[in-house]
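Using the hints, position chain B against chain A.
Chains A and B supply the protein sequences, listed in that same order.
Going by this note's numbering, the first residue of the first sequence is number 2, and it counts up by one from there.
Going by this note's numbering, the first residue of the second sequence is number 2, and it counts up by one from there.
Take the hints with a grain of salt, since some may be wrong.
A pair holds if it fits inside one copy or across any two, identical chains being indistinguishable in the list.
No more than 16 Å apart at the CA atoms, straight line, and that leaves these computed lysine to aspartate or glutamate pairs for EDC-like [stated by the list, open to error]:
id: 1; residue 1: LYS48; residue 2: GLU25
id: 2; residue 1: LYS48; residue 2: ASP141
id: 3; residue 1: LYS48; residue 2: ASP172
id: 4; residue 1: LYS48; residue 2: GLU181
id: 5; residue 1: LYS48; residue 2: GLU111
id: 6; residue 1: LYS48; residue 2: GLU18
id: 7; residue 1: LYS48; residue 2: ASP139
id: 8; residue 1: LYS48; residue 2: GLU153
id: 9; residue 1: LYS48; residue 2: ASP118
id: 10; residue 1: LYS48; residue 2: ASP21
Just so you know, these hints were derived from the structure itself, not from any lab.
There are 2 protein chains.
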Amino acid sequence: MRVYLAGPEVFLPNAREVLDAKIELTRRHGFIPVSPGDLEIPAQPTKRDFGLAISAVNERLMLSADAIIANLTPFRGIAADTGTVYELGFMCARGCPAFAFSNVAQSHFERLQIYYDGRIADDAQGRPRGSDGLAVEDFDMAENLMLDGGIEARGGAFVTRTAAPGRLFEDLAAFEECLEIAAGRLLRDGKPSSSS
Amino acid sequence: MRVYLAGPEVFLPNAREVLDAKIELTRRHGFIPVSPGDLEIPAQPTKRDFGLAISAVNERLMLSADAIIANLTPFRGIAADTGTVYELGFMCARGCPAFAFSNVAQSHFERLQIYYDGRIADDAQGRPRGSDGLAVEDFDMAENLMLDGGIEARGGAFVTRTAAPGRLFEDLAAFEECLEIAAGRLLRDGKPSSSS
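With the rest of the complex left out, here is chain A (with noise of 0.2 Å):
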């Protein structure tokens, strides 16, 4: 079973290390990864057209793919990085079990309270508000609800956990929960393999 590993990792100054240490986990719990960065982009004339070659070769591996783990760690804000949203939605639709993980484990309604600096309060439906009079969930969720909802409804589990310090995206003690987790539903043994 092939799993797609996305996630902002690729954006670390050491990428390929961590990159790496996900592949040989995925390995060593009985998946074959699939990981961005794989194959090789081909030299394109401006900076956009390379860009659109890295999207192609993405949406490429993740068509060779059955199943997906998906790093959801707040990036740059409080909210998970888009690209990797992205390719959870892409992954969704096509019926494939999906599975994330994120190394903040406080709740989206907890990182809106920070966010607003505690400034919430409910409407006069009883609905609560920023103070910027947005709307702000709080259905018990990690993230927003389409990616809890679309992660439940295919089988996954969004596990979540406080990464050691200064180790935000490289801290793997999560997603190896995670592959354990998809591994016990996913494969024959339902096991990760002795050498775990």
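Using the frame of chain A, we list chain B on its own:
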């Protein structure tokens, strides 16, 4: 042709009014609008179950649609609403024509320059990185390359404009431009209906 209208307008205090305006504009351009909130969500025992029910209804609405127009205006930060991005990826995987708009005209790279307060420098490989070491995408795109790439690969367009002051999520000029382009590409007569 049924068009799913994805976007964070659902969070606005005047959500119904803005959604109704989008629905009306969509009809006027010859499409059948499919909008979150079209279906009633049945009561649920827990907050989480209610969130899951909304997700299920929105997925059902997407499956009933033939195309998507996604509002990718930066939401609570420098990037698009994650729920909307999930829906964009979902519809792209289904092979549906995908269009998007943003009421912020800055490119992804320009927003990152602001985010990093200009502290972006090339690494040893010539790849731009922010002060935290994270790579900065510089592909002449409006959002993460998976979003711009997915839209372009499905024959769509990504329209960006600067919204009227104080109307970041209510200004529908970019949305209407999207509808015009979509009608030209997707409808038999190639033009908005005479009532527009």
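Hint by hint, which ones does the structure fall short of?
Violated hints (numbers, rising): 1, 3, 4, 6, 9, 10; every other hint is consistent with the structure.
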